[in-house]
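Visitor: Work the whole structure out from these sequences, hints included.
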Amino acid sequence: MPDVNKLYKRQMVFSDYVTTNEYVDSEVFDAKPYRTILVYVKNKHSENSVNVRVLGFMGKRWRELIPEVILSAGSELYEMLKEGVSLVKIQAKSASMNKEGIIEASIEGLR
Numbered sequence: 087m088p089d090v091n092k093l094y095k096r097q098m099v100f101s102d103y104v105t106t107n108e109y110v111d112s113e114v115f116d117a118k119p120y121r122t123i124l125v126y127v128k129n130k131h132s133e134n135s136v137n138v139r140v141l142g143f144m145g146k147r148w149r150e151l152i153p154e155v156i157l158s159a160g161s162e163l164y165e166m167l168k169e170g171v172s173l174v175k176i177q178a179k180s181a182s183m184n185k186e187g188i189i190e191a192s193i194e195g196l197r
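Numbering-wise (the numbering used here), the sequence shown opens with residue 87 and increments by one.
Quick caveat, the hints were computed from the structure, so don't treat them as lab data. All the given hints hold, so there is nothing to weed out.
No more than 25 Å apart at the CA atoms, straight line, and that leaves these computed lysine-lysine pairs for BS3-like:
#: 1; residue 1: Lys-128; residue 2: Lys-168
#: 2; residue 1: Lys-130; residue 2: Lys-185
#: 3; residue 1: Lys-185; residue 2: Lys-128
#: 4; residue 1: Lys-146; residue 2: Lys-118
#: 5; residue 1: Lys-179; residue 2: Lys-130
#: 6; residue 1: Lys-130; residue 2: Lys-95
#: 7; residue 1: Lys-95; residue 2: Lys-128
#: 8; residue 1: Lys-128; residue 2: Lys-179
#: 9; residue 1: Lys-118; residue 2: Lys-95
#: 10; residue 1: Lys-168; residue 2: Lys-118
Just the calculated beta-carbon pair ranges, DEER-fashion:
#: 11; residue 1: Arg-197; residue 2: Val-110; range: 28 to 34 Å
#: 12; residue 1: Ser-161; residue 2: Glu-113; range: 21 to 27 Å
#: 13; residue 1: Tyr-164; residue 2: Asn-184; range: 26 to 32 Å
#: 14; residue 1: Arg-149; residue 2: Asn-184; range: 26 to 32 Å
#: 15; residue 1: Glu-154; residue 2: Leu-93; range: 31 to 37 Å
Where a beta carbon is used, it is the ideal one built from N, C-alpha and C, also for glycine.
Guide: Structure, rendered in structure tokens:
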């Protein structure tokens with residue numbers, strides 16, 4: 087029986103994070119061992135929108151994998167990545183000045 091932990095990994099990278107006016111990085115996910123990366127982001131705020139984007143480390147620098155997306159109150163982003171990246175992170179900020187959102191985000195890796 088294969089060890090499931092070697093085939094799959096899920097990491098919460100933002101947990102009830104309150105956004106600010108500037109982009110803030112999530113925890114970094116080590117994507118090297120995985121072929122498929124799943125990115126999930128939810129704006130848990132009941133009124134305010136947030137901006138999010140996903141970056142991957144390729145070669146010697148961070149590159150934008152998913153351009154800036156506006157998540158309205160209560161909405162979600164769920165994307166699958168197939169790029170050969172070694173690290174993945176999510177950045178989040180408030181969509182409007184001084185109007186915070188609440189972000190929950192996870193990154194999953196599948197071999």
